[in-house]
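Trainee: If you count the sequence shown from 1, position 47 lands on 47 in full-length UniProt numbering, and the numbers rise without skipping.
Keep in mind that the hints were calculated from the coordinates and are not lab data.
Treat the hints with care, since some could be wrong.
Under the rule of at most 20 Å between Cα atoms (straight-line distance), these lysine to aspartate or glutamate pairs were calculated in the DMTMM-like manner [unchecked claim]: (1) K89 with E159; (2) K66 with E124; (3) K66 with E101; (4) K110 with E138; (5) K51 with E124; (6) K186 with E124; (7) K186 with E159; (8) K186 with D169.
What follows is a list of derived Cβ distance ranges for each label pair [stated by the list, open to error]: (9) W174 with I35: 32 to 42 Å; (10) D127 with F23: 32 to 42 Å; (11) S37 with P131: 34 to 44 Å; (12) F23 with K178: 20 to 30 Å; (13) N72 with T156: 28 to 38 Å.
For every residue, glycine included, the Cβ atom is placed at its ideal position computed from N, Cα and C.
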Amino acid sequence: MTCVLLPRGIPVIKRVLDIIISFPALIVLSPLFLIISMIVVIQYGPPIVFKQNRPGYQGQIFTIYKFRTMHNRADEHGNPLPDAQRLTKFGRFLRATSLDELPELINVLKGEMSIVGPRPLLVEYLDRYSPHQFRRHEVLPGITGWAQVHGRNVITWQEKFDLDVWYVDHWSIWLDLKTILLTVVKVLRREGISQPGQATAEPFFGNPPETGEPSSSEHQPKA
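With the sequences and hints as input, model every part of the structure.
Mentor: What follows is the structure, given as structure tokens:
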């Protein structure tokens with residue numbers, strides 16, 4: 001089946017689905033946005049939204065939006081405390097339910113993200129990817145993704161990247177719809193939120209020698 005593409009190589013039908021989902025969602029969820037915003041202000045003070053540069057399509061940098069989940073506390077030397085010490089109970093709840101990701105719907109409307117795609121990671125990781133791993137940037141980053149519904153933060157980085165590239169190679173509108181449904185199930189079950197002993201996923205420090213290419217199994221679950 002021929003797929004009509006936008007100038008950046010994004011399928012038109014995927015962009016249409018993003019708008020159909022994100023615009024009504026922002027309207028319907030606006031009361032929830034207000035409630036979360038009020039609690040964030042009470043617990044942390046302003047700002048309400050956490051902003052950070054992330055690499056998107058083809059590694060182009062954009063600003064991602066999330067609800068804050070941490071205090072800005074620092075030690076006596078002015079260095080930020082570890083995430084586990086700054087993350088509050090309310091912050092853990094937001095992350096467990098993925099409600100901290102809701103402002104990313106704005107990124108979707110702006111065309112910087114998609115509902116489904118590889119998660120946008122840190123800018124500093126760009127230089128650490130192998131050519132195979134960098135292929136995750138051949139599509140728009142997503143609020144949820146194929147790796148997130150197959151382990152999220154409890155699988156290895158190599159497994160995540162293999163799943164991301166598998167998604168790039170096997171994309172279809174049906175795969176996106178399946179990923180969205182699986183995401184709802186994962187969120188309700190609160191699965192794969194973090195690794196044992198860590199508040200968030202462990203950092204990606206790069207590939208050991210002679211790694212970074214697809215694993216022998218290529219971690220390719222059936223779509």
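Trainee: Against each hint, give a clear statement of whether it holds in the structure.
Mentor: Outcome of the hint check:
no.	hint	result
1	K89 with E159	violated (29 Å)
2	K66 with E124	holds (19 Å)
3	K66 with E101	holds (5 Å)
4	K110 with E138	holds (18 Å)
5	K51 with E124	holds (16 Å)
6	K186 with E124	violated (28 Å)
7	K186 with E159	holds (18 Å)
8	K186 with D169	violated (23 Å)
9	W174 with I35: 32 to 42 Å	holds (34 Å)
10	D127 with F23: 32 to 42 Å	holds (36 Å)
11	S37 with P131: 34 to 44 Å	holds (41 Å)
12	F23 with K178: 20 to 30 Å	holds (22 Å)
13	N72 with T156: 28 to 38 Å	holds (31 Å)
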